[in-house]
Amino acid sequence: MASIRQNVFPDVLPDFRNLGVVARVLLAVNALALAGALYAAPDFPQALDGFVRAAAFFEPLLLAELACLAVLSPWSGRLAYWAGCVAVIVLVTLLAGAYHAALIALGAEVPARIARTALICAIVAAGLLAYFRLLTKAYSPALAEARLQALQARIRPHFLFNSLNAVLALIRRDPKRAEHTLENLADLFRTLMSDARSFVRLGDEITLLERYAELEQLRLGERLRITWELDAAPSDALLPPLVLQPLLENAVYHGVEPGTATGEVLVHIERRGDRVLARIENPHLEAEVHRAGNRMALDNIRERLALFFDAEARIVTQSVNGRYRVEIEMPYRSAQP
Amino acid sequence: MTDGASVIRVFIADDEGPARDRLKELLGDIAAELQTQVVGEAANGLEAIERVPSSGAEVLLLDIQMPGMGGLEVARHLATLEHSPAVVFVTAHDRHAVEAFDLNALDYLLKPVRAQRLAAALRKALAGGSPGREQLARAATGAREYLSVAERHRIALVPVRDIVFLRAEQKYVTVRTREREHLLEESLVALERELADRFVRIHRNCLVARAAIRGYERSGDDADGPRWQIVLDGIAERLPVSRRQWPTLRSLLP
Numbered sequence: 002m003a004s005i006r007q008n009v010f011p012d013v014l015p016d017f018r019n020l021g022v023v024a025r026v027l028l029a030v031n032a033l034a035l036a037g038a039l040y041a042a043p044d045f046p047q048a049l050d051g052f053v054r055a056a057a058f059f060e061p062l063l064l065a066e067l068a069c070l071a072v073l074s075p076w077s078g079r080l081a082y083w084a085g086c087v088a089v090i091v092l093v094t095l096l097a098g099a100y101h102a103a104l105i106a107l108g109a110e111v112p113a114r115i116a117r118t119a120l121i122c123a124i125v126a127a128g129l130l131a132y133f134r135l136l137t138k139a140y141s142p143a144l145a146e147a148r149l150q151a152l153q154a155r156i157r158p159h160f161l162f163n164s165l166n167a168v169l170a171l172i173r174r175d176p177k178r179a180e181h182t183l184e185n186l187a188d189l190f191r192t193l194m195s196d197a198r199s200f201v202r203l204g205d206e207i208t209l210l211e212r213y214a215e216l217e218q219l220r221l222g223e224r225l226r227i228t229w230e231l232d233a234a235p236s237d238a239l240l241p242p243l244v245l246q247p248l249l250e251n252a253v254y255h256g257v258e259p260g261t262a263t264g265e266v267l268v269h270i271e272r273r274g275d276r277v278l279a280r281i282e283n284p285h286l287e288a289e290v291h292r293a294g295n296r297m298a299l300d301n302i303r304e305r306l307a308l309f310f311d312a313e314a315r316i317v318t319q320s321v322n323g324r325y326r327v328e329i330e331m332p333y334r335s336a337q338p
Numbered sequence: 504m505t506d507g508a509s510v511i512r513v514f515i516a517d518d519e520g521p522a523r524d525r526l527k528e529l530l531g532d533i534a535a536e537l538q539t540q541v542v543g544e545a546a547n548g549l550e551a552i553e554r555v556p557s558s559g560a561e562v563l564l565l566d567i568q569m570p571g572m573g574g575l576e577v578a579r580h581l582a583t584l585e586h587s588p589a590v591v592f593v594t595a596h597d598r599h600a601v602e603a604f605d606l607n608a609l610d611y612l613l614k615p616v617r618a619q620r621l622a623a624a625l626r627k628a629l630a631g632g633s634p635g636r637e638q639l640a641r642a643a644t645g646a647r648e649y650l651s652v653a654e655r656h657r658i659a660l661v662p663v664r665d666i667v668f669l670r671a672e673q674k675y676v677t678v679r680t681r682e683r684e685h686l687l688e689e690s691l692v693a694l695e696r697e698l699a700d701r702f703v704r705i706h707r708n709c710l711v712a713r714a715a716i717r718g719y720e721r722s723g724d725d726a727d728g729p730r731w732q733i734v735l736d737g738i739a740e741r742l743p744v745s746r747r748q749w750p751t752l753r754s755l756l757p
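As you go down the protein sequences, you meet chains A and B in turn. Counting the first sequence from 1 gives a position; the numbering used here is that position plus 1. Counting the second sequence from 1 gives a position; the numbering used here is that position plus 503.
Note that these hints are calculated values from the structure, not bench results. All C-beta atoms, glycine included, are put in the ideal place defined by N, C-alpha and C. Hints may be right or wrong, so weigh each one.
To be verified - Derived list of chain B stretches under chain A, where covered just means 3 residues or more per stretch with a C-beta under 8 Å from a C-beta of chain A: (1) 532-545; (2) 566-575; (3) 687-697.
Said to hold, decoys possible - Each computed SDA-like pair below joins lysine to any residue, with the alpha-carbon atoms no more than 25 Å apart: (4) B:527 to B:688; (5) B:527 to A:138; (6) A:177 to B:528; (7) B:674 to A:161; (8) B:674 to A:32; (9) B:627 to B:543; (10) A:177 to B:615; (11) B:674 to B:696; (12) B:674 to B:684; (13) B:527 to B:553; (14) A:138 to A:32; (15) B:527 to A:176; (16) B:527 to A:215; (17) B:527 to A:178; (18) A:177 to A:138; (19) B:627 to B:646; (20) B:627 to A:103; (21) A:177 to B:531; (22) B:527 to A:18; (23) B:674 to A:106; (24) B:674 to B:708; (25) B:527 to A:222; (26) B:527 to A:162; (27) A:177 to B:617; (28) B:527 to A:32.
As the list claims (entries may be wrong) - Residues of chain B placed beyond 10 Å of chain A at every Cβ, according to the derived structure: (29) 559; (30) 595; (31) 616; (32) 658; (33) 659; (34) 663.
Isolated chain A, as found in the complex (with noise of 0.2 Å):
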């Protein structure tokens, strides 16, 4: 999707397959629910009552809907932000429809006329869309921010201008490999200044981390060394892009550098079912404590895991036997279609 770059962030359907999405939905049409009862009737053990009926009724109806939805979510994903909005709500409308008319035809008791039951469905659907933008809405600005820190404070100043100076120094010596360095430097930029909204391949984002390591091993040489356990990592997968990345530059800036040691950092990836792994580790220094920064880099990269993927992404770090462990875990989503 062509975007403008002055508009912050596309409007784009929520994820039905989201158990975030599904469980928003859920609350959402149930507090509703419990609220119409409520207004309805004179006092509160009626209010229950009534509630408890009209759920046996809606609750079968909400489940289909939402299965349904999930199936289709490829297909809709594909529409225009508003067409898809219309499908969804026609969609929704038509079950209802369908459902009503079906207990009516099996001879079941329904509380409403079908019109009423559809017209309360498309309310409700168009409510929660409505709901689901404004969430994207109030996230966007992490990822405005996200380009951002990126130059500013994540790719420290530090890192670029060693990374410039070890250059200089390759390139009377060996030509070559300081072109090849350049070529890195490049590639990492070209990232960090790219469009923050859009998914990448596992795949990519792994040489992106193999390149900037290259960076750091010519300056730091034997100072460094990075053990890669990438043989189960699923190149296919989808993540939003500089999550692993700012991971790997924190554990260089405070596990190695401050160090004369060797520093030992892991760097491990893997599919596990339909969930994607990945864990950075790195030496726990105990006299790394004047520098910041980790921090922000840590926050907004939980920001824009739980931006992508709701609730189904976390991120968790603990420091154990001298290691300090980053572990991120998000569903498995591949680039096939």
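The hints should help you fit chain B onto chain A, whose structure is shown.
Positioned in the frame of chain A, the structure of chain B alone reads:
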């Protein structure tokens, strides 16, 4: 300017190999106007302390951000030498970080370094001599990790975390670790200010490491009440506690 016959002896301390290579290249580039010879290199602060004194270096090109011990602390220790080299600081930091270090008082080069700037800085440093100790102390933020004792061609470092107590006697300050004693030419008042996080005053002339305090013993009584002395971890010697410091010290024990 001196004639071409005199060669300036330069020492390079930087934790990144390529950065040291680059400085050597630049020294080669300016050889026509400034003859230099690299007499030693170090990849971290402790190595620099170890190698600089015996290298005979006149100028030290010193990276500020190094593991083990930062450049500013290295310079402070080297300044205690009888013939301490002139220092040119080098840093990749942007201006913001430079201000954080309050380097304005000192001369420094930004990486990547330009040949002409390097030549100018070397000349200026040689003319100006080594930076003063007070000046360096002002520029450094935070306390040192080591205290240094200058010997003839060597600097002995005493890790601050190993020190049990510091006692002023006449011109010197005695530094006592569990193993041995050193003499230091610094003022106890300045040390107290710098090391306030780790040390506490027990007497007009003595500071002890807070972590080393094990307890107190009553050493006797006089007209004003009981007198106390302090029991320290790892050493048999007991030190008298002044009446004025006693309330503060008593509250340090759980």
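Checklist line | In rising order, the numbers of the hints this structure does not comply with | finding: 1, 3, 4, 5, 7, 8, 18, 19, 20, 22, 23, 28, 30, 31
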